[in-house]
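Q: Once you've looked at the hints, dock chain B against the given chain A.
If you're matching them up, the sequences are chains A and B in order. For the first sequence, position 6 matches number 6 in this note's numbering, and the numbering has no gaps at all. For the second sequence, position 297 matches number 297 in this note's numbering, and the numbering has no gaps at all.
Because the hints were derived from the structure by calculation, they are not lab data. Heads up, the beta-carbon is just placed ideally off N, CA and C, and yes, glycines get one too. Don't take every hint at face value.
[Said to hold, decoys possible] Among the chain A residues that face chain B by a calculated CB cut under 7 Å, a handful are: (1) I29; (2) V36; (3) S38; (4) Q39; (5) D58; (6) F62; (7) F63; (8) K65.
[As the list claims (entries may be wrong)] Only part of the chain B face toward chain A is listed, based on derived beta-carbon distances under 8 Å: (9) A114; (10) S129; (11) V190; (12) R195; (13) S306; (14) M381.
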Amino acid sequence: MEKYRFLMSGSGGQGVITMAILLAEAAAIHEGRNAVQSQSYGPEARGGATRSDVIVSDGPIFFPKVLQPNYLVALTNEAAGKYLPLIRPGGLCLYDSDMVTPDVRVDARKKGLPLYAAVMKKLGKPVAFNICVLGALAALTEAVSLASLEKALESRFAKAHHENNRIALHLGADMARDCKD
Amino acid sequence: MGRTQKQATARAAGRNAGAQDIRFVQGNEACVLGALYAGVGFFAGYPITPSTEIAEHLAEQLPRRGGVFIQMEDEISAMCAVCGASLAGAKAMTATSGPGFSLKQEAIGYACMAEIPCVVVDVQRAGPSTGLPTKVSQGDVNQARWGAHGDHSIVVLTASSIQDVFSITVEAFNIAETYRTPVILLFDEVVGHMREKLVIPPQGDLEVVERLRTEVRAGVNYHPYLPREDGRLPISDFGGVHRYNVTGLFHDIFGFPTEKPEEVTKLVYHLVDKIENRAHLLARHKEYYLEDAEHVIVSYGSSARSAIHLVEGRRRKGDRIGLLELQTLWPFPSQLVREKTARARNVFVVEMNMGQVKSQVKQAAVHPDRVFLVNRMDGMMVTPTDIGKVMRIIEGRGF
Chain A
1 MEKYRFLMSG
11 SGGQGVITMA
21 ILLAEAAAIH
31 EGRNAVQSQS
41 YGPEARGGAT
51 RSDVIVSDGP
61 IFFPKVLQPN
71 YLVALTNEAA
81 GKYLPLIRPG
91 GLCLYDSDMV
101 TPDVRVDARK
111 KGLPLYAAVM
121 KKLGKPVAFN
131 ICVLGALAAL
141 TEAVSLASLE
151 KALESRFAKA
161 HHENNRIALH
171 LGADMARDCK
181 D
Chain B
1 MGRTQKQATA
11 RAAGRNAGAQ
21 DIRFVQGNEA
31 CVLGALYAGV
41 GFFAGYPITP
51 STEIAEHLAE
61 QLPRRGGVFI
71 QMEDEISAMC
81 AVCGASLAGA
91 KAMTATSGPG
101 FSLKQEAIGY
111 ACMAEIPCVV
121 VDVQRAGPST
131 GLPTKVSQGD
141 VNQARWGAHG
151 DHSIVVLTAS
161 SIQDVFSITV
171 EAFNIAETYR
181 TPVILLFDEV
191 VGHMREKLVI
201 PPQGDLEVVE
211 RLRTEVRAGV
221 NYHPYLPRED
231 GRLPISDFGG
241 VHRYNVTGLF
251 HDIFGFPTEK
261 PEEVTKLVYH
271 LVDKIENRAH
281 LLARHKEYYL
291 EDAEHVIVSY
301 GSSARSAIHL
311 VEGRRRKGDR
321 IGLLELQTLW
331 PFPSQLVREK
341 TARARNVFVV
351 EMNMGQVKSQ
361 VKQAAVHPDR
371 VFLVNRMDGM
381 MVTPTDIGKV
391 MRIIEGRGF
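Next up, chain A with everything else stripped away, as it sits in the complex (with noise of 0.2 Å):
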C-alpha cells in the first residue's frame, strides 16, 4: 500500500483537527494500520491558522510531520497559498470552492466543491461541514472507507449527531464522486 501523506489546513474552529483525528482513527483503530496525527496551531482558541498532518501506512511511521503532502485540504485562501507549494508532483488538493480561490501553480490536481453550501442546504446548519470534506476526501483518496469513518465518528460524537454526521459524510463522498474526472 501506497504510504498516504495528508495535510490538512484552515482556520481554527473550522474543525480541521477533528477531521484529521478522524481520519487517523478510522485507519489505525478500524482498519488495523499504522496512522499517525500531529498538528500545529497558534495560541489561538478561534480564528487563527490551523494545520494538522496525517500518515496512514502498512508500515511504521516515525517522523510524524508531513513535509511534502500527497493530500492537501485547504478550507481558506491563507491556507491554500501557505500550503498548496509544498504538496508532492502528482499530489491533489481538496478545498471548497466557494471560500478558496488557489492561485498558486502546482503540478498537482485541484479539487474545488461547494461542500460547505450543500452542508447548509441540507442540515440547515454548518457544524457537520467538516465531516463533509471528509467524506469527499475520502472518495477521492480511498485512503480509508467510509464503513470505517462512521465507526469512527459513532465512537467519537453522541448519539444525538450519528445521523447528521452520517449524512454529511456521504453528501460530500457522493460530491466527489460525481465529479470525479
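A: Frame of chain A; chain B shown alone:
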C-alpha cells in the same frame, strides 16, 4: 454540545469494542492512562499548553475512581498540594509546561529534601519565559535536573511514542515510590499532542510498585527518616496514627531540624547517593542497529522519531548507522552512552535545544571531539533532513 454529552463523547473516544483495549490517543492522554494504571489517586495542577489535556482527562477520571482532582490557583500551590497528598498516602502527580515548571521548582526541592514520592510531568514548549506556547522544544533538560537549588539528585524520564509514554509513566510512579523521590516526566509538545495507537496492557502485565508503609504500630515511636537496612524509608500516612515532623530543613531521623555537620553531611550523601548510585538500574533506553554502527545518533523524545526515520532510510542504502534512544535523562546514563558510542566514528546528538544532552554525551564519550550536535530551537520539530545535512557536512560530503 452540552457538558454531559461532552463527557459521554470523551468516554467513548477512540475506544475499541474488541477484547484488547486499543485506543487512538494523544501522548497526554496516554500519560493519564499510564498514571491511572499505576494507581494515581491525586492530581493538583494549573492548566497550561501543551500539558492541559493531562489535567482535563484526570479531572474527568479521578473523581470517578474515588480519587481527587484539584485545579489550584497556581503551579506553586499545586506542587505543594501534591507533596501533602503524597505524604497523606496517595500516589500523587501534577503536570505543567516550562513557565509552570519554573514555579514548581521550590516545592520540587522540598519533595527531594523531605523524600516525598511524586510525579511531575513537564510537556516542554519553547522558552525561556512564556516563549512559544504551542510550539515544541526540549529546552528543559537541565532545568529538570537542576531547577531546584542545592545538592540533590532527581530522576528524569522521557519517551518518543504513545505506547512508551504509557509505560514510562507507570515506571515513573514505580521509581518515585521505590526511592521516595520526585520523578520528572519530560515530554515535549509533539509527543504530548500527537495521536497514535495505544494498546493498554491488562492490569498485572506491567509491574506496579505499591508504597512501602511502616509496620510500626500506633502508639509506638515512628522514625520517619530512619532508613531500613536496604536504605528504604517506610512511610506512615501523614495525619494517620503517628505524629511526626516533615521539614525542608536538614533533619534528623525524627524529621526535626538539625544543624549538626555530621547529620547534614550524611543526609546530603543519602539524598544524592540513593539515586546516583543506582544510575545503572534507572537507565532506560532503546537501541536500533548499534551492533555495527559507524555513525551513532543519540536522541530522545520526539527528536528520536526523526532520528530513526533517517536511520531506517540510510540503512536501506547500506550505511552503517544506528540510534541510541535515551529514556532516562537523569541520572545521566554515562556508562551506557560510553559503551554504546565507544566504536563509533562519529556521534550525533539530536535534540531541540542548544546542546543540553550533547554536553553530557561529550563528557561520557571516549572521543568527545567526535560528538556533534544537530538541533533546532525555532519551535519547529527537527527533521530527518536537518540531521542528514549536518551529517553530510561532518562526513566531508558537502552540504
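Q: None of the hints should be skipped; say for each whether it holds.
A: Do the hints match the structure? See the list:
1. Interface restraint check: I29(A) against chain B, minimum CB-CB distance 5 Å, threshold 7 Å, status holds.
2. For the restraint placing V36(A) at the interface with chain B, the shortest Cβ-Cβ distance is roughly 5 Å, inside the 7 Å limit, so the hint holds.
3. This hint holds: S38(A) has a C-beta 4 Å from the nearest C-beta of chain B, less than the 7 Å allowed.
4. Taken as an interface hint, Q39(A) checks out: its beta carbon lies about 6 Å from the nearest beta carbon of chain B, inside 7 Å.
5. For D58(A), the interface hint is violated, the least distance from its beta-carbon to any beta-carbon of chain B being 13 Å, above 7 Å.
6. This hint holds: F62(A) has a C-beta 4 Å from the nearest C-beta of chain B, less than the 7 Å allowed.
7. Of the supplied interface hints, the one on F63(A) holds, with its beta-carbon coming within about 4 Å of a beta-carbon of chain B, less than 7 Å.
8. The criterion of a C-beta within 7 Å of any C-beta in chain B is met by K65(A), whose closest approach is roughly 6 Å, and the hint holds.
9. Because the smallest distance between the Cβ of A114(B) and any Cβ of chain A comes to about 37 Å, over 8 Å, the interface hint for this residue is violated.
10. Of the supplied interface hints, the one on S129(B) is violated, with its beta-carbon coming no nearer than about 14 Å to a beta-carbon of chain A, more than 8 Å.
11. Look at V190(B): its Cβ gets to within about 6 Å of chain A, closer than 8 Å, so that hint holds up.
12. This hint holds: R195(B) has a C-beta 4 Å from the nearest C-beta of chain A, less than the 8 Å allowed.
13. With a cut of 8 Å, the hint placing S306(B) at the interface with chain A holds, because the nearest CB-to-CB distance is about 5 Å.
14. Evaluation of the M381(B) hint against chain A yields a held restraint, the C-beta minimum of about 6 Å falling below 8 Å.
Against the hints set out earlier in the document, violations occur for numbers 5, 9, 10.
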